Amino acid sequence: MSETTFMGVERDKIDWKPTLDYSKCDYCMECVKFCPHKVFEVRENEEIKLIVKNPHNCVVFCRACSKTCGPDALSFPDKNITTQRIKEIRKETESNA
Amino acid sequence: MLENYVILPCNGLDKCAGRISGQLAIKLSENADNVIICPVFYRVSETKYNKLAAERKLLVIDGCRTQCASKLAAEKNLKISRKIIIADEAKNRNVELTDNLRIQEKEQAIIDTLFNDLNKSDDAAVTPSGDELISYDFVYETFQVGKFIFRIPKNKEVYFNENDCWAYVVGNRARVGVTDYVQQNLSDILYFNPPEIGAEIDQFGELGEIESSKALVELISPVSGRVVAVNETLVQKPEMINENPYELGWIAELELTNFESDKELLIGFDKYFTITQKRAEDANV
Numbered sequence: 000m001s002e003t004t005f006m007g008v009e010r011d012k013i014d015w016k017p018t019l020d021y022s023k024c025d026y027c028m029e030c031v032k033f034c035p036h037k038v039f040e041v042r043e044n045e046e047i048k049l050i051v052k053n054p055h056n057c058v059v060f061c062r063a064c065s066k067t068c069g070p071d072a073l074s075f076p077d078k079n080i081t082t083q084r085i086k087e088i089r090k091e092t093e094s095n096a
Numbered sequence: 000m001l002e003n004y005v006i007l008p009c010n011g012l013d014k015c016a017g018r019i020s021g022q023l024a025i026k027l028s029e030n031a032d033n034v035i036i037c038p039v040f041y042r043v044s045e046t047k048y049n050k051l052a053a054e055r056k057l058l059v060i061d062g063c064r065t066q067c068a069s070k071l072a073a074e075k076n077l078k079i080s081r082k083i084i085i086a087d088e089a090k091n092r093n094v095e096l097t098d099n100l101r102i103q104e105k106e107q108a109i110i111d112t113l114f115n116d117l118n119k120s121d122d123a124a125v126t127p128s129g130d131e132l133i134s135y136d137f138v139y140e141t142f143q144v145g146k147f148i149f150r151i152p153k154n155k156e157v158y159f160n161e162n163d164c165w166a167y168v169v170g171n172r173a174r175v176g177v178t179d180y181v182q183q184n185l186s187d188i189l190y191f192n193p194p195e196i197g198a199e200i201d202q203f204g205e206l207g208e209i210e211s212s213k214a215l216v217e218l219i220s221p222v223s224g225r226v227v228a229v230n231e232t233l234v235q236k237p238e239m240i241n242e243n244p245y246e247l248g249w250i251a252e253l254e255l256t257n258f259e260s261d262k263e264l265l266i267g268f269d270k271y272f273t274i275t276q277k278r279a280e281d282a283n284v
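Chains A and B supply the protein sequences, listed in that same order. Quick note on numbering that gives the first Met the number 0: the first sequence kicks off at 0 and runs consecutively. Quick note on numbering that gives the first Met the number 0: the second sequence kicks off at 0 and runs consecutively.
It cannot be assumed that every hint is accurate.
[Claimed, not checked] Simulated pairs of lysine-lysine, DSBU-like, Cα-Cα distance not exceeding 35 Å:
#1 A:K16 x B:K236
#2 B:K146 x A:K16
#3 A:K52 x B:K90
#4 B:K270 x A:K32
#5 B:K277 x B:K236
#6 B:K70 x A:K52
#7 A:K16 x B:K82
#8 B:K213 x A:K86
#9 A:K32 x B:K155
#10 A:K52 x B:K82
#11 B:K119 x A:K78
#12 A:K32 x B:K146
#13 B:K153 x B:K236
#14 B:K90 x B:K70
#15 A:K32 x B:K82
#16 A:K23 x B:K82
#17 A:K23 x B:K105
#18 B:K82 x B:K70
#19 B:K153 x A:K86
#20 A:K90 x B:K262
#21 B:K262 x A:K16
#22 A:K37 x B:K75
[Claimed, not checked] Derived list of chain A stretches under chain B, where covered just means 3 residues or more per stretch with a C-beta under 8 Å from a C-beta of chain B:
#23 26–40
#24 55–61
#25 64–72
#26 82–91
None of these hints come from the bench; they were simulated from the model. Quick caveat: nothing in here was measured; it's all calculated off a predicted structure. Note that CB positions come from ideal geometry on N, CA and C, so glycine has one too.
Construct the entire structure; sequences and hints are all you get.
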């Protein structure tokens, strides 16, 4: 399920998505099985078999997929920085209105 | 002293954390009246272990975050009383796990530390309850999608984030929890990992986890503050979140530190009701 806004801010303006550390990832695909929002995509025949295909489908502040990751290959932005940025964007939008 | 538990370790043989989980389970069973579940045997024969799990509390020891033992517990519909993940416990203690599959000095040190910590924490007094003088009386508006009924509190004191968590604010204190949207999506909740009393939580910080056989959900705090109480009853009866996530199924209470600022990113009943109804209807299509 894709959200178009989060807290009144367009989703694609919010930097919140998992980042894959390919030096750790063992392609167990637990994150793919776990995430119902189709953030990841499996590429069976490619050298890199897993990518973050739909970053804006990722639920802002959710990091649950990283808890399914055995080799600890998934990381997320700093929540405080993201929160601050959302507040700034809201202010910018209000002042432009 | 941790006792009268049935212990389910992942016992992974090809990872250091898995080996530690098995050895920790052995140590816990040697020193008190605790019984080990063999995850391999449990896969092929469940009668013996189902009986034990019905009689005793369940401690799950996962090696890594793949959480095979937790998944096995969920498959067997077991209620988890306590759970640890060796990889996380090692990380919290700044210990780097190696590829070593033999228990040597470093691995034994982790086992001994976790053994002591588990015994100590089980001796700890029951978490202090919240301020009994505060009453949290909810008034609900409901909507139905298919067979699912969603209650949304419409009290003006209740705020929501768009991560489906609520905060009932009274003065400088808030009781927080998840909404019906979360519990309906998860269906039967089997495990609650509470936040620690005294923990300082940022707005949108993690306030524990709940887990069903379908999924794991990180509770994302609507407010910032210090955790002053948790609903310990949920550790033994996480299904109370399904029964009512606002009243018996509340998660924690926080002493608020920055609510005026937090409010900027919270919504009230009208907006949350509209958003949730739309999402529930979209999901039902």
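field: Broken hints, by number
entry: 9
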